[in-house]
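Q: Sequence:
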Amino acid sequence: SAKSVRDILTVYRSIEHYAYREYGIRESNFTMPKTEQYYTDVLTPVERRRLENCLINNMSLTNLAVLLCLFTGLRIGELCGLKWEDIDFLACTLSVKRTVQRITKNGKSQVIIGTPKSRSSVRIVPIPEFLMTLLKEYKSFGDFYIIANSFKPTEPRTMQNRFKSILKASDIRNVNFHLLRHTYASVCIEKGFDPKALSELLGHSDAAITLNRYVHSSMEIKKDYVSRLCLSA
Numbered sequence: 180s181a182k183s184v185r186d187i188l189t190v191y192r193s194i195e196h197y198a199y200r201e202y203g204i205r206e207s208n209f210t211m212p213k214t215e216q217y218y219t220d221v222l223t224p225v226e227r228r229r230l231e232n233c234l235i236n237n238m239s240l241t242n243l244a245v246l247l248c249l250f251t252g253l254r255i256g257e258l259c260g261l262k263w264e265d266i267d268f269l270a271c272t273l274s275v276k277r278t279v280q281r282i283t284k285n286g287k288s289q290v291i292i293g294t295p296k297s298r299s300s301v302r303i304v305p306i307p308e309f310l311m312t313l314l315k316e317y318k319s320f321g322d323f324y325i326i327a328n329s330f331k332p333t334e335p336r337t338m339q340n341r342f343k344s345i346l347k348a349s350d351i352r353n354v355n356f357h358l359l360r361h362t363y364a365s366v367c368i369e370k371g372f373d374p375k376a377l378s379e380l381l382g383h384s385d386a387a388i389t390l391n392r393y394v395h396s397s398m399e400i401k402k403d404y405v406s407r408l409c410l411s412a
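Be aware that the sequence shown starts at 180, since it is given in the working numbering, and climbs by one per residue.
Do not take every clue at face value.
[Claimed, not checked] The list that follows gives simulated cross-link-like pairs (lysine-lysine, BS3-like), each with its CA atoms no further than 27 Å apart: (1) Lys370 <-> Lys401; (2) Lys262 <-> Lys343; (3) Lys318 <-> Lys331; (4) Lys284 <-> Lys296; (5) Lys318 <-> Lys276; (6) Lys262 <-> Lys331; (7) Lys296 <-> Lys262; (8) Lys402 <-> Lys370; (9) Lys296 <-> Lys375; (10) Lys375 <-> Lys401; (11) Lys331 <-> Lys315; (12) Lys296 <-> Lys343; (13) Lys284 <-> Lys331; (14) Lys318 <-> Lys262; (15) Lys276 <-> Lys262; (16) Lys331 <-> Lys343.
Hints in this document: simulated from the structure, not taken from any laboratory.
Turn these sequences into a full structure, and let the hints steer you where they fit.
A: Structure representation (structure tokens):
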């Protein structure tokens, strides 16, 4: 990400400055490359409706988990790390405390359960009322992982494969699981969410990330604006 590049550059410059001060090694004129603006793909309204219908009409823990991401914007690793004890059934919120990921170290692949990617990623997210009703129906032991309904979590790769099957059943193009998060953010913006509040819900370290990535008028909105144009009387 752009933030990771900036963090690395900051450390690099500190090392260069130390080398110049202690050993007279000349500092480079390296500058931060410009961040290219990119298009954030999301589910279309039709795709979203198909997905919601498929999930609701074929309810299971896996489908409930996908629905949860669509309406909370959780990352796939955060979803896999979610336990029943993280759901506050009185306050109608969930707490993001851990994440699950598969990493390769010394040539060996292993599943790691750790803390979220940044301090801002540790957060409390409100849950829509209809989702709370569904969660209550499946509620299990507090220290069980929600998707797996056991002490052992489901890994992201497995969840991504299940998601592909759901997409096929919903007659939706093959997309990455992360698109659910993008869709959640875009829908929130369209519904008038405050960017700062949305940034906190998504666990972004800076509201500027949310603004740059998601605050773009949808094609539907643009068409509506253009439809209002007419010849001068």
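Q: Please go over all the hints and tell whether each is borne out by the structure.
A: Here is how each hint holds up against the structure:
About 15 Å separates the Cα atoms of Lys370 and Lys401, which keeps this hinted pair within 27 Å; it holds. Distance hint between Lys262 and Lys343 is fulfilled; the C-alpha atoms sit about 23 Å from each other, no more than 27 Å. With a C-alpha separation of about 16 Å, the suggested pair Lys318 and Lys331 falls inside the 27 Å cut-off, and the hint holds. At roughly 18 Å between alpha-carbon atoms, Lys284 and Lys296 fall within 27 Å of each other, so this suggested pair holds.
For the hint linking Lys318 to Lys276, the alpha-carbon distance of about 19 Å falls within 27 Å, and the restraint holds. Taking the CA atoms of Lys262 and Lys331, the gap is near 10 Å; set against the 27 Å cutoff, the hint holds. This hinted pair checks out: Lys296 and Lys262 have alpha carbons roughly 18 Å apart, not beyond 27 Å. Restraint check: the Cα-Cα separation between Lys402 and Lys370 comes to about 17 Å, which is no more than 27 Å; the hinted pair holds.
Distance check on the hinted pair: Lys296 and Lys375 sit about 19 Å apart at the alpha-carbon level, within 27 Å; holds. Between Lys375 and Lys401 the alpha-carbon distance is near 24 Å, which keeps this suggested pair within the 27 Å criterion. A distance of roughly 21 Å separates the Cα atoms of Lys331 and Lys315; the hinted pair therefore holds under the 27 Å criterion. Taken as a hint, the Lys296 and Lys343 pair is honoured in the structure, with Cα atoms around 25 Å apart against an allowance of 27 Å.
With a C-alpha separation of about 21 Å, the suggested pair Lys284 and Lys331 falls inside the 27 Å cut-off, and the hint holds. Between Lys318 and Lys262 the alpha-carbon distance is near 10 Å, which keeps this suggested pair within the 27 Å criterion. Note on Lys276 and Lys262: the hinted pairing holds, with a Cα-Cα distance of about 9 Å set against a maximum of 27 Å. Distance check on the hinted pair: Lys331 and Lys343 sit about 22 Å apart at the alpha-carbon level, within 27 Å; holds.
No hint from the list above goes unmet by this structure.
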